[in-house]
Every structure is written in C-alpha cells, then in structure tokens.
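Reassemble the complex: the two chains are provided individually, in unrelated frames, and hints are given to aid placement.
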Amino acid sequence: MFVSHLSLVDFRSYEHVDVELGEGINAFVGPNGQGKTNIVEAIGYLATLRSHRVASEIPLIRAGTERAVIRSRIVRGDRASTVEVEIVPGKSNRARINRGSLTRARDILGLLHAVTFAPEDLVLVKGDPDARRDFLDVLCVQLAPRFASVLADYERVLRQRNTLLKTASGPRRGSDEGGFDLHTLEVWDAKLAQLGAKITHLRHGIVQELAPHIARTYDEVSAGQGVATAMYRSSLDAYADDEQTIGAATTISEAMIEAQLLDTLAKLRAKELQRGVTLVGPHRDDVVLTINDLAVKSYASHGESWSFALALRLASYDLLTVGPQHESHQWVPWGNDAEPVIILDDVFAELDVKRRDRLVERVARAKQVLITAAVAEDVPEGLDGRRFDVMQAEVTRVL
Amino acid sequence: MSTKPTTIKDVYEGAVQDLIDELGRLPGVGPKSAQRIAFHILDADPADVQRLATALVEAKARVRFCDVCGNVAQAETCQICADPRRIDTVICVVEESKDVVAIERTREFRGKYHVLGGAINPIDGIGPSDLRIRELMARLQDGVVQEVILATDPNVEGEATAAYLARMLTAIEVKITRLASGLPVGGDLEFADEVTLGRAFEGRTLIGS
Ligand SMILES: Nc1ncnc2c1ncn2[C@@H]1O[C@H](COP(=O)(O)OP(=O)(O)OP(=O)(O)O)[C@@H](O)[C@H]1O
Ligand SMILES: [Mg+2]
Ligand SMILES: [Zn+2]
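Protein sequence lines correspond, in order, to chains A and B.
The first sequence maps to residues 2 to 400 in the working numbering.
The second sequence maps to residues 256 to 464 in the working numbering.
So that you can see chain B by itself, here it is in the shape it has in the complex (with noise of 0.2 Å):
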C-alpha cells in the first residue's frame, strides 16, 4: 500500500540541482525552501536574476574584514571605526558582524566594536587562538580604551566567551561589563528586539575592572 516516499533529490537532475543544492547549502534553508527558491528564480526575469548573481560576486569581491574591529567593511577599515564622532573610549565586543547590526538599530550605542568572529565551541573546534582576541588585547594597550562590554550571545557558548574575556582582561586596567540579563536565554543576540537589547545595553553590570 505504501509507496517509496520519492526524495526531491531523485526527481532533478542537471543544473536544476545543482541549484537547489548550492541553495540547500545556506544557512536556514532546508530543502523544501531551497527548490521553491530555486524555481522562483528559474520563473524570475533573466535581468532580475542577473542582478542577484552580480549582487552575490560583486559582494564576495569587493566586501573585506575591517583591520581594526573584523566588522564588514569595504575599505581597510569599516565605516563605524572610520566615523570621527564615535567614541573611542568604549569598545562592544560581540561575536558576528551581524550582532554589529542589531546594536546599530537600537542607537543606544556611541562607541565602538571588536568583532570576534564566532564564540569559544570545542564542539565545532574553535577554541581562543581562533577568535580576534589577541587583536583585541592590541586594542586595549595604549590607555585609551576606558570600559569592554562584553556582548556575546545569552547562550552557553556565548557566556563562557565573555567569561574567558573577563579573566583575560583582568590583567588590563579597564572597566569590563555585561549586557543586562532580560535578553531572551539561549537565544541569539541578533534576534532580540531593538527594545529589549536597548534596555540591556543600559543596564549593563560591571563584571570586573
């Protein structure tokens, strides 16, 4: 009675699924929404689709690290370390550009950041010496710098990071605080609300100094 549930994989073949591959590859994207993307762009303009492409290369080509912080830029350095009324006395750590993002909107923020580039997860085998730390104790040499807040994730990998910071830091005569709890546990801090990130950014703690 039952039939031999048929995979989406063994009804494409050629460049259709070579499509709904790439797309499958992408973070979030599982297959069902890779092939209905995929036939959105095989129903879509050809102009419109060669937009997305040029939109994809041009990005991978032209966009770059920033020398300072690791946020996105698309100079040497970003536009944020580049602004002259940015605060220089206040460094956000954060673990992904994106993070970068979700603190820009809610425009409680004057300073400036240091982008990690992940959190610390034996799991996926990234540990400290993969993270831009040491560019961040670079950073924090000359004096300038008066207070870290420490906005990694709410989530395990995310608190041992911010952990591990604070112990590094000790040694550096600097103020060392911590998102106020309320975000959502667990969670990732780009998710959060403009409202609730806003508020934790104010009522942050000191954690060491």
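Chain A with its partners taken away, still in its complex shape (with noise of 0.2 Å):
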C-alpha cells in the first residue's frame, strides 16, 4: 500500500500543506527545523495514532491552534481510499473514512501499515522495557486494530487501581470517610487480570510471529554476525511456581494467564498494599533480546546494537507485509498489498557505510519509501525517486 496524497491543517509547524507523493522513494531534503520529520510524522500517526516522537498529542497541534488535521488518500491494490483524522488535545479524536460520517479515531487503524525507523531507536535495544513494549503495542495495533481499545482500558485500570492502591495504603486508611475498601479493590483486580490477559496473550502471540524474522532481518543487517533471537518475557514468571516461563511456552491460553494473574494478584496484595502499585501484569513485562544467546542489552556493541534496532523494524515491515502465518494468529483477514510504508527519519546519518548499503538494499524495491534527510547527500544512491524541497514548512517538489 502507499499514500498518494497527504494534506494537513494546522499539524505541527504546517497551516496547510498539500503534497503528492509517489510509489517507490521520496525524499525530504532541507536544513535542521524546516518541518521535514512532521511531514512523515503525520504519516505514521495515521498507521498508529501515535507519534514517533512524543507521547503527549499537544504539541502536534500547531501552537496557537486548537485541532490538528491529516488527510490522505491511501491506495491499497486496485482501490483508493480517504482517510481523514483530527486530532483534539483532551477531547476524543476522530475520523472519517472516505467522506462518511465522524467516527472514532480508532477505526482507521489498520487502514495504513506503516513502520519508521529514527534515530531513537536504539533505545529499543539499550533502553528501558517501557520502549520494547511501546514497539509491541504500536505492532500490536497495527496488526490486530480492536486491541488499541484493550490497551487503552487496561490503562485507564491500573490507574484506577494504583490510585485505590495508593489511597488504601495512605493515612486515610480505617478512617471514618469509608477506608479501605477490599470488595472494590476486587473488582479492580478482575479488570486487570480480564484486559491484561488480553495483552499479555496477543503480545506473546506477537513476539512468536516476529522472531523468526529477526533471526532473519538480524543475519541480512550484521552480514552472518550472529543468531539472534527474542522471547516475551512476563513479569509474571517472577512468580510462577513451575519453571515453565509464558515466553518459552509455544502455545498459552488466555484464560490460563488470567487466571495466573489473579492468583499472582492475590498473592501480592499485602505487598502491594504497602508499596501503592500494581507489580504484576503486562504494564512490567518485557522482551529479552539475545545475540548467540547473550542478552544484548548487557552485551552487545554499539555496532550489534544498531544492527538489531536496524533488525527489528525490518522484521515488523516483514510481519505486515506477509501478515501472521500462525492459525491462531489471524486477528484480522490479512488481504493483499499489506506490505507497510516504510519511514526512514534521519536514519542513513546514524549508520556506517555497510550497515547503509544493506538498508538501502533492503529498501530500494519497497512499495513507498519516505526519507528524511538534512542535505541531499546523505540521501544514499540508489533511492532515486521523488525529491521535495522542505524550507519554512513549505515544501516544493523539485525532482
């Protein structure tokens, strides 16, 4: 799939922009601070809902503005579609799909695969769980779309319930205003372990469908260097009375993790009472990275490092191009002409000269490929195709 034509209102640096954009390479070419990353930017919220680069939707909106706008027409095999999404710091988003009527911003998930590699992405590699899980969830949604609801109640529930945890635990405990309540903090434990099943299930389901990918994805990036391999890791094997992890296991039921949660929760309550949050659940989870069985995190060079971050985001554009291949996997029908727009933000920069020519390689026959890039120079050879000019948020087509 590619996207033909982007439009946007009032995103970021832009009050209005129209730009045509082809099948194959195009390339964003203008000094630092011209609006080249918001372009692309833009393109990936409509794949994800989120920005690659901040977790707040505010600064999206152009300052001064109160609602940002994307439009695109997104083609898919034979057939062209609109889909339009605005977005309205604290208020829900919403969206139209080729000129019906407003519906939640939700709804286009799954419409426009896209993945962006950037400069961040080492912190896939050496950075803290909460960017591994990120980079799951944002697969997650792309490739099972009614998930994005899951993630977003299961947020709201451990809020609630760290709130009930933290207030329990605090001097307002055995007072007189109704205290600690232990029927409602079930409640609350229900929820999580009904929604974090959910998660823990689809990630696990995810992580097995990407794996052989980036064993793959890692041999091509690092040219043979090493095996790499990655495996789920729940923060309830912590836990588990028996040896067997959930990420080691081939196949899990959720109502077995649903379950384990609730007893884990159980388990857990005096302690958990006393340190106000929740400690078990998909929220703490993680996924262990290895190169010839060494974790990478710990052990890797920066070289093997950018090889990996390199590894997964190909292994995700793989996974969306050929879909699920496990019965049990198919969370939506896949169809055809899957394969993502591929965003590569300032990436050609970061890397040597071999690890460059192997992207490149990988890249050049993609379906649409969008690069962004300081000077025309680091626009490597061989991703020749359109070229727009980015100055002052405006962009002019120049080859």
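Note that these hints are calculated values from the structure, not bench results.
You can take every hint at face value.
If you anchor each label on the Cβ, the simulated ranges turn out as follows:
| # | chain 1 | residue 1 | chain 2 | residue 2 | range |
| --- | --- | --- | --- | --- | --- |
| 1 | A | LYS167 | B | GLY269 | 41 to 47 Å |
| 2 | A | PRO130 | B | ARG291 | 45 to 51 Å |
| 3 | B | MET392 | A | SER299 | 54 to 60 Å |
| 4 | B | THR425 | A | LYS268 | 22 to 28 Å |
| 5 | B | VAL284 | A | LEU103 | 17 to 23 Å |
Rough simulated footprint, nothing fancy, chain A against chain B, three-plus residues with beta-carbon under 8 Å:
| # | segment |
| --- | --- |
| 6 | 372–383 |
| 7 | 412–425 |
Below, in silico cross-link-like pairs of lysine-lysine (DSS-like), each with a Cα-Cα straight-line distance of 30 Å or less:
| # | chain 1 | residue 1 | chain 2 | residue 2 |
| --- | --- | --- | --- | --- |
| 8 | A | LYS199 | A | LYS167 |
| 9 | A | LYS368 | A | LYS355 |
| 10 | A | LYS92 | B | LYS287 |
| 11 | A | LYS199 | A | LYS298 |
| 12 | A | LYS355 | A | LYS298 |
| 13 | B | LYS315 | A | LYS92 |
| 14 | B | LYS315 | B | LYS353 |
| 15 | A | LYS272 | A | LYS298 |
| 16 | A | LYS92 | B | LYS353 |
All values derive from a computational prediction rather than experimental measurement.
Every residue gets a Cβ at the ideal spot worked out from N, C-alpha and C, and that includes glycine.
If you want it as structure tokens, here you go:
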C-alpha cells in the first residue's frame, strides 16, 4: 500500500500543506528544523495514532490553534480510500473514512501500515522495557486493530487500581470516610486480570510471529555475524511455581494467563498495599533480545545494537507485509498489498557504510519509502525517486 | 516576527470576564465557546436574558432528588417512582439522571430506576460509599424486586461499578442482568442512539441470580 496524497491543517509547523507522494522513494530534504520530520510523523500517526517522537498530542497541534487535521489518500491494491483524522487534545479524536460520517479515530487503525526507522531506535535495544513494550503495542494495533481499546482500557484500569492502592495504603486508611474497601480492590483485580491476559496473550503471539523475521533480518543486516532471538518475558514468571515461563511456551491460553494473574495479585496483595503500585501485569513485561545467547542490553556492542534495532524495524516490516502465519494468530483477515510504508527519519546519517548499504538494498524496491535528510548527500545512491525541498514549512517538489 | 499570543483573559475585564469565566466552568464549554455564548447573551434582548436567569435560579431552587431513586424530581418522589403504571418488580440501575432520560427515550423499559450518582472512580476519589448503594440495598429488602438491570456506562468505571454491584447483590435473591454489548465501548450511555440502546435492553444478559 502507499499514500498518494497528504494534506495537513495546523499539524506541527504546518498551517496548511498538500503533498502529492509517489510509489517508491520520496525524499524530503532541507536544513534542520524546517518541517521534514513533521511530514513523515503525520503519516506514521495515520497508521498508529501515535507519534514516534512524543507521547502527548499537544505538540502535534500547531501552536496557537486547537485542532490538527491529517487527510490522506491511501492506495491498497486497486482501491483508493480517503482517510482523515482530527486531533483535538483533551477530547476524543475523530476520523472520517471515504467521506463517511465521523467515527472514533480508532476505526482507521489497520487501514494504513507504516514502519518508522528513526535515530531514537537504539532505545529499543539499549533502553528500558517500556520502549520495547511500546514497540510491541504499536505493532499490535496494526496487526490487531481492535486491541487498541483493550490497551486503552488497561491503562485506565491500571491508573484506577494504583490510585486505589495508594489511598488504601495512605493516611486515609481506616478513617471514618469509609476507608479501604477490599471488595472494590477485587473488582479492579478482576478487570486488570481480564484485560491484562488479553494483552499478554496477544503480545506473546506477536513476539512468536516476529522472532523468525528478526533472526533473518539480523542475519542480513549484520552479514551473518550472529544468531538473534527475541522472547517475551512476562512479569508473572517471577512468581510462578513451575519453571515453565510464558515466553518459552509455544501455546498459551488467555484463560490460563488470566487465572495466573488473579492468583498472583492475591499473593502480592500485602506488598502492593504497602508499595501503592500494581506489581504484576503486562505493564511490567519486557522482550528479551539476544545475540548468540547473550542479552543484547548488557552485552552487545554499539554496532551490534544498531544492527539489532534495524533488524527489529525490518522484521516489523516483513511481518506486516506477509501477515501472521500461525492459524491462531489470524487477528484480522490479511488481504493483499499489505506491505507497509517505510519511513526513514534521519537514519542514514547515523549508520556506518556497511549497514547503510544493506538497508538501502533492503528498501530500494519497497512499495513506498519516505526519507528525511538534512542534505541531499545523506540520501544514499540507489534511492532515486521523488525529491521535495522543505523550507519553513513549505514543501516543493524538485525532482 | 512572532507576536505574543493574546489570550482572551488579557482582553476583557470586569463583568464581561466574570461571565466568560462562569460559562467556561460549565461542562463541555471551552474558552472560545464561553466567549461566544457571553457575547450572544450581551447582544440578546434583556427579557430573554431575564428568562434564562430565572430558569437557572428556579431550577436550582425547585429541583431536588427523589427520595426513592435519586433521580431529579420536583417533589419528594420523582414522576417515575410516583407513576402507578410502572412495574415495581424491575429496577434499572444507572449512573446519572441523564441516563434515565436516555433510557426513557427508547420506550423499552416499564420498570423503575435507581440513580447511583456516579461510578466507582478512585482517581476522582469516588468509592462505593459515595454512591447510593446502601439505598439500593434497602429497596431490595422486601423481596418485591425480581430483577436488577445494571445499566452503568460501557466504560472502565461503569464496568467496575457493575461488577461491584453484582458482587454485593449475590447475597440477595434477585436476578441480575447487564445491558447487552453492542453499545459503543468506552462511551457514555447517554450518547448511545435510541435503537442501539433499546436493542441492548432487549438483549440483556444474566450475570447472576
Ligand atoms: N506544534 C507546533 N507548532 C508550531 N511549530 C512547531 C510545532 N511542533 C514543531 N514545530 C516546529 O517545527 C520545526 C521542527 O520540524 P521538524 O522536526 O520537522 O524539523 P526537521 O526538518 O525534521 O529538522 P531536523 O533536520 O533537525 O530533523 C521546529 O522549528 C519546531 O519549532
Ligand atoms: Mg527531523
Ligand atoms: Zn424516583
């Protein structure tokens, strides 16, 4: 699939811009701070409803305005559709598909696939677990769009439960205001376990789908320098009685995880009340990455880490292209022309020549590639296509 | 090149600003809408403005909450509780009075209501003891009520409240049902259209008895 037209209103630095994009390579070139990343960020947002740079939506709205609109034309196979999303911080975002009536923004998930490579990707490998959880969740909503609401509800339940634990352990406990109510906590336990099991189950499945792609893409990027693996690590494992971890299990049922979560929450109750936080659940999970059986986070060199980060993005791209393989992972009907748009935000300047060449080789024939670079020389040879100059939030096609 | 953005606050003073501030405190009214409404009021006929002001003051003075169900009422009991044609054996539990209005519009329901006054929401500091749950329990003591329909909002807090009530009600011999799914998840009951809400009522599921 590819984006043939993009139009922004009050998004980031753009008051209004229209860009006609082509299949193949589209390079955005211009000095720092002119608005190159802003363009590709908008396309990433259409695919994931998130920015690859910021967690809050406020910076996405042009300063001094209240709402931003991203409008696009997406071509998949021989069908084109218009997809439009309106971002209003503090309110629920809304979307419109093919001039239909307004719906929730969530309804556009799955219509566009995109994978963004950015200099920040090193945190996927070297950073804290939350970066890897985010990586999985972004992939998760593209592979299984209906899980967006599960993720949002889990976030909400977690915040509610943590607040309850805090007030229960705080000075108000036992006061005549009603104090701590065990029944209420049990209600939140049940919700947390129910939603948490869905997320753990899905992420476990996605890591299983991703792992063979990672092994292959790492082999390509590093030119056979090692065997890369990825395994889901559940926070439940630390409290389980048996040796079998969730990550190592080939099949695992949602009901089993739910029961285990409920069980563990009961076991941890005293500790949680003391600490005032939820100690187990998918918000504490991680993905363990290894090269030749050594944990990448602690052992890998800088170059190996970069190769792994690239491998993770390429593996997402491959997985989104071919779709999930295991029959129990058919979250949505996959359909044809699912190949994601590739976004390369400032990555070539970060890479050494070898990795750069291998990445070029890998993306040169992709359906659509969007590249940002400060100078034309940073766009590697072999990636010819459209070129746009970006200057003070004006985009001009030059090639 | 850039000029300092002037906020609305910098511009108006005294009575006009007070009016904008008060309007801006209303739910769903942002600073721009508050400004627009304020100038609409300033432009309007004095008699119209007087009618609005009277309506506000009268409503606040006259409207109270039903002693039985907690719905808005003009007297000690609301019109629904006082209506002899309504069935006594089914109680529909909702979060707010506006949910009663939404359900009444569907014309699917002939029983009575119980308005909780919100949902369990630790972040907002609302626990079960802040809701009219004790009053609900009291209404179920005489064994007249056969079914309690839990019609709290289809969002995280509404679900938690329904789950909590279901637990509390297991001690009482009564059928407990929940509105069928199909309502927009994560939303407010009051925003569901009549047909969807009506269907959710017809297809309600048993969650305990
Ligand atoms: N919400 C916003 N409102 C107005 N301007 C914004 C907003 N968000 C970002 N900008 C401006 O956009 C510019 C950054 O744009 P962008 O990140 O696209 O730059 P870039 O061309 O990718 O630069 P670089 O080469 O440094 O990566 C900055 O000048 C920033 O001030
Ligand atoms: Mg940039
Ligand atoms: Zn009443």
